[in-house]
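*Asks:* Below are the chains, spelled out letter by letter.
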Amino acid sequence: MPDAPLHKIIAASIKQLLPAHKRKQAADEADRATSFRARYQAFLQLLESNTELLGIISELETRHAGGELVGMAHLKQLSTRAMFHALRMIASFEALCGKAQPELRNTIDSIRDRLQQVLVQPDPTADVPLILPLDQLHRELVDIAGGKAANLGELRSRLGLPTPDGFAVTVAGFHHFIQENGLADVIRLCISVVQPGDPATYAEASRSIQDAILEAPMPPALEAAMLEAFDACAARSGLAPDALRLAVRSSALGEDGELSHAGQYLSELHVPRQELCPAWKRVAASLYSPQALGYLLQHGLSLDGLAMCTACVRMVEAKASGVMYTRHPWGLGRRAMYVNAVWGLGAFAVEGRVEPDVYIMDVDSGQLLQRRIGSKDAMLTACKDGLTEQQTPAAWRGLPCLDDEALQALRRAALALEAHYGQPQDVEWAVAHSSDSSGALYFLQSRPLALGKHSTADFAGLTDEALPVLLEGGDTACPGLAAGPVFLSLSPDDADTLPEGAVLVARHSSPAYTVVFPRVAGVITEHGSVTGHMASVSREFGIPTLVGVPGAMQGLSMGQEITLDAWSRRIHAGLHPAALEAQRQARGSCPIVPADAVLLSPPRAALQTLRRELVPLTLTDPKSPDFTPEHCRTVHDIMRYLHEKSYGEMFVISDHVSKGKGQEGFALRLEGATGLDLHIIDLGGGLVESPHRRRAVPVEDVASRPFKALLRGLILDPKTQGPRPVHLKGFFAVLGEQMVGEHHLQKERFGDRSYAIISDKYLNFSSRVGYHYGVLDCYCGQTVNKNYITFSFKGGAADEARRTRRARGIALILERLGFVVETVSDRVSGRFQKYDAAKIEEVLAEMGRLLQYTRQADMLMTGEASVQAMADCFFTGKCYFEPSP
Amino acid sequence: MPSTIRVLIVDDEDRFRDTLAKLLKAKGFDATPVGGAREALALLEQESFDVALLDVKMPGMGGLEALEAMKRLAPSLEVLALTGHASMDVAAAMLERGAANYFLKPCPVGELADAILQAVDRAKVAGSGE
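These protein sequences, in sequence, are chains A and B.
The numbering of the first sequence is the numbering used here, which starts it at 295 and goes up by one.
The numbering of the second sequence is the numbering used here, which starts it at 323 and goes up by one.
Mixed in with the good hints there might be a few duds.
Simulated crosslink set (EDC-like; lysine to aspartate or glutamate; CA at most 20 Å straight-line) [stated by the list, open to error]: (1) B:Lys-379 x B:Asp-443; (2) B:Lys-349 x A:Asp-459; (3) A:Lys-1128 x B:Asp-443.
Some chain A residues near chain B, calculated using beta-carbon distances under 7 Å [as the list claims (entries may be wrong)]: (4) Met-366; (5) Ser-486; (6) Lys-575; (7) Arg-576; (8) Met-847.
Worth flagging that the hints you see were computed from the coordinates, not collected in a lab.
Idealized CB from N, CA, C, for every residue including glycine.
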């Protein structure tokens, strides 16, 4: 970059070259240009900060409306950035107009004070120990120990159910590790490159974060506390420390709550003392597994406040293990519990690795409704050196893992658990070998059961025989209908290429598949269980899922169109209309909403304060005598005021310059059939250079890429378009509206000036035509990621109902053009971004036509049907809205 | 074709600085990470940069002092604060000293890249003469 700005170099050169009397004039012009550009830079800064603030406001509104989880740290960040940009807008405006703005600065200072009061709060985890024994845990400590550890403590201390001894590494332990190693910012940076919906970016971010965690050393204080707790557990068990083995299980904050996070995180089994810390790090790192990141993003969950607590509990030498749902996941018209069981350790039951036993029992009567003995061909067992997978002895395969006595014990526990928690539970259990203490039943975890969308027995499977049946069988993990092309997956690694709306067909169920769930219509697996992790997530997402369908991989082919009826456990050839309709409805239904507790949390309250200080817009009418700095109450008011006034200042500057001695104005009138009093301010490169001074420019002299494109649609061609028809009915309705009582825009007039502020790549077009106000802002250059069009339109002369209809009609048009649109009352705003310049130009031409098209259209919006009619008519290529009679 | 945009990253956290440099390079920027304000100033005496990403809390010379010195040395340098320090008062002080933006770690890299391009573009228009 040159040391001196180019204009100074040019000004200096001019002085050298010209005779004395011309030098003076040239120097004046150069100074004016310098002054103008300094102000233009201030204007650009103001616009930039305005955009930043709109983004912050929009985020606050989205988080509020969506009931999203939001952390205090993030709210502090938003406030800090809001304050910076609000002050920058004021400073930029001061530079632009040359006057201090003490009232606005006072208002911002008061807002800052009020925000500081709610945002500066003590850290709730400040006094939490790094480790807590299970005996001291209960469910109220869920924010300190995570759901799994807190509930295990609850079972142990309050329900008196048998649980293995152990301890939890708390949220303070996790934060201590992250802070001591300076990992927080690294983690967030890596997460920032994740693109929702692109699993490859999850994998990349996940790898970087997990490497950083695994490479970081254990802080001495945490290591000492964990080993001390390990030794204490051994002593209580009457074991030497080197004889004790623990299971180190994830207990993430938020896990096992309203959203199950089923199977997203790691558990390490059979961990000896020397492996405790490395195992803990691996479990901690699994907080950032690709599927966990995907799950969080899919649910729109904040990464603030994410922490991995762990439950470190004594290994149960399990003879048999499994999962119990205290209630059948989609009901059977009675209170039935559903139990899965495998030989050995329980991992194979939840991972869907082997076909388990299934027991369904009436909880009230204790009557066994169904018993199906699974093949259980493999089992996971613990030995001296660790875990080993082995073939199940042939004699055991056909034997049930649970006898009636064990089932009755589970049933009693199910009753106690439901009574205690007040809702159905998803429970992991194990029966210990007789050599292990009493040979008793142990409970390893309990969490709310994800019941999915079909919690009652409202069968909605196919009732006709229209499509031939290809396959039949398996277990319904989530009932429902799905239709789409088959995607055969040999392993979760190949699921990246799964197309939107496909039916995933896989050999095994796996939690790793949940990363692609947002794109999946249905799921079919040859192996897997209803109580598996993937099945839980299927129910949360409401994805029809059939597991354990024999021969699915062979019987179906890639791309084949099928209909999955997970109600009737059948797979049909072809796409059934009922399934397509069910899918369409499911897509429109609401995602999972967090519990009330979340809505009322302290960060939630702080969010409300932040919204109150930032979001409301009370300064709406620029023509009102109250449109002054003294009446600015919120950050939004200040933005609105400054944004409006900055345009005014830019116009004043152009007038000032055009009145100067050089007579070379910056605001030039456009000579073109636009029907607008349109003036151009060129900031550099927007117009073809001319040797002559000029007050007006022909359309051919416009060099600005975006403005040229807009003019293609904006210029009226009288040969092809003819005069706009007058609709007296609508016109009189408008007159009537203005004559009765107060009118929102009473002081506005037809025929105000419109301005195009342009450079080679930039266009800011503001049009006040009639009673409406439209602004289009656009950057159109080589960098695809920078290109955008934002458009905002408000007002009109007709009554509110008609204005609102026009806004909705415009919204429909913008949507069809590819904009992301928001409509509030008679205001519509949209954004179209990250397209190449050619596409931006194409849309700008349409926007030019839209600006003409919308003029006075509000008068014609006589009924609801006119909203759609207005949009449809636009896409016939017409230049004005002509409602059908 | 515009020449490569030169970005100076001033941050005392090694891991963060290097990761950020790597990510910005992947986006096509010529990113140079340095570990402190003194190092940054020494480099600015010899080389020119378009944009600096400046941490606020650093041992030795902090971000406020560094920003003043950097602006004296290179008035046209666009400086964007990038810090973990979510303080409204510090943000105001950085603005007074000429920071063009105030980002809080972990700012999405895409947002940083956009802000860098925006700053360069703004400097270009404002610097060009008739």
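*Asks:* Compare the structure with each hint and give your call.
*Replies:* So, going through the hints one by one against the coordinates:
Among the hinted pairs, Lys-379 of chain B with Asp-443 of chain B is inconsistent with the structure: their alpha-carbon atoms are about 28 Å apart, more than 20 Å. Annotation: proposed proximity of Lys-349 of chain B to Asp-459 of chain A is violated, straight-line Cα distance about 51 Å (limit 20 Å). With a C-alpha separation of about 17 Å, the suggested pairing of Lys-1128 of chain A with Asp-443 of chain B holds against the 20 Å cut-off. Annotation: interface hint on Met-366 of chain A violated; nearest CB of chain B at approximately 10 Å, more than 7 Å.
Taken as an interface hint, Ser-486 of chain A checks out: its beta carbon lies about 4 Å from the nearest beta carbon of chain B, inside 7 Å. A least Cβ separation of about 16 Å between Lys-575 of chain A and chain B goes past the 7 Å threshold, and the interface hint is therefore violated. Checking Arg-576 of chain A against chain B: minimum C-beta separation of about 20 Å lies over 7 Å; hint violated. Hint on Met-847 of chain A is violated. Least Cβ distance to chain B is approximately 38 Å, over the 7 Å limit.
Violated hints for the displayed structure, listed by number in ascending order: 1, 2, 4, 6, 7 and 8.
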